[in-house]
Amino acid sequence: VDESNYHREVPLSGSLDAFTGGVAVGNQWKLGQNIYLDWRIVGPGYGFNNGKFEGKTPLNADEQREVRRQLDEFDSNLMKIKKEVNADGVTLSTSGPFAGIRTALSIGYRF
Numbered sequence: 008v009d010e011s012n013y014h015r016e017v018p019l020s021g022s023l024d025a026f027t028g029g030v031a032v033g034n035q036w037k038l039g040q041n042i043y044l045d046w047r048i049v050g051p052g053y054g055f056n057n058g059k060f061e062g063k064t065p066l067n068a069d070e071q072r073e074v075r076r077q078l079d080e081f082d083s084n085l086m087k088i089k090k091e092v093n094a095d096g097v098t099l100s101t102s103g104p105f106a107g108i109r110t111a112l113s114i115g116y117r118f
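Everything in the sequence shown is counted per my numbering, starting at 8 for the first residue and increasing by one.
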């Protein structure tokens with residue numbers, strides 16, 4: 008495979024499950040009789056994730072090498088990613104800690 012001119016897509020599908028918990032800081036204003044504006048300024052969270060993504064595309068030996076090379080460039084310090092490439096395609100698995108930050112601006116109606 009000529010790496011400088013080669014392009015091949017391997018569509019991936021799968022799911023990522025995460026369970027997180029955290030705290031939030033914000034404010035709430037009453038706009039009307041039963042209408043509220045809620046501003047979550049910042050809400051850090053921490054938890055765990057587990058995911059698996061597969062791309063079933065036949066790959067020859069040269070294509071497998073090129074896909075491995077490109078996947079080696081795709082790393083994350085936030086989560087552990089296991090990468091498998093073979094003649095049947097690509098499998099990516101992830102697990103471990105998961106961190107994030109939330110913010111929101113919401114309008115609520117009180118029943």
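Rather than coming from a laboratory, the hints here were simulated on the basis of the structure.
Just so we're clear, the structure is a prediction, and the values are computed from it rather than from any experiment.
Beta carbons are placed, not taken as given, at the ideal position from N, Cα and C, and that holds for glycine.
Treat the hints with care, as some may be off.
[Claimed, not checked] Below, computed lysine-lysine pairings styled on BS3-like, alpha-carbon distance capped at 27 Å:
#	residue 1	residue 2
1	Lys-63	Lys-89
2	Lys-63	Lys-37
3	Lys-90	Lys-63
4	Lys-37	Lys-59
5	Lys-59	Lys-87
6	Lys-37	Lys-87
[Unchecked claim] Estimated spans, in silico, between C-beta atoms of each pair:
#	residue 1	residue 2	range
7	Ser-22	Asp-45	17 to 23 Å
8	Leu-38	Glu-91	51 to 57 Å
9	Ala-106	Lys-59	28 to 34 Å
10	Arg-117	Arg-15	33 to 39 Å
11	Phe-118	Leu-19	39 to 45 Å
12	Arg-117	Asp-24	18 to 24 Å
13	Phe-118	Phe-81	20 to 26 Å
The hints, checked one at a time:
1. Lys-63 <-> Lys-89: Holds, at roughly 16 Å.
2. Lys-63 <-> Lys-37: Violated, because 53 Å separates the two Cα atoms, which is more than 27 Å.
3. Lys-90 <-> Lys-63: 14 Å, holds
4. Lys-37 <-> Lys-59: Judged against 27 Å, a Cα distance of about 44 Å means the pair is violated.
5. Lys-59 <-> Lys-87: 12 Å, holds
6. Lys-37 <-> Lys-87: Distance of about 44 Å is beyond 27 Å: violated.
7. Ser-22 <-> Asp-45: 17 to 23 Å: 30 Å, violated
8. Leu-38 <-> Glu-91: 51 to 57 Å: Cβ of Leu-38 to Cβ of Glu-91: about 53 Å, so the range 51 to 57 Å holds.
9. Ala-106 <-> Lys-59: 28 to 34 Å: 20 Å, violated
10. Arg-117 <-> Arg-15: 33 to 39 Å: 55 Å, violated
11. Phe-118 <-> Leu-19: 39 to 45 Å: 42 Å, holds
12. Arg-117 <-> Asp-24: 18 to 24 Å: At 33 Å between Cβs, range violated.
13. Phe-118 <-> Phe-81: 20 to 26 Å: 47 Å, violated
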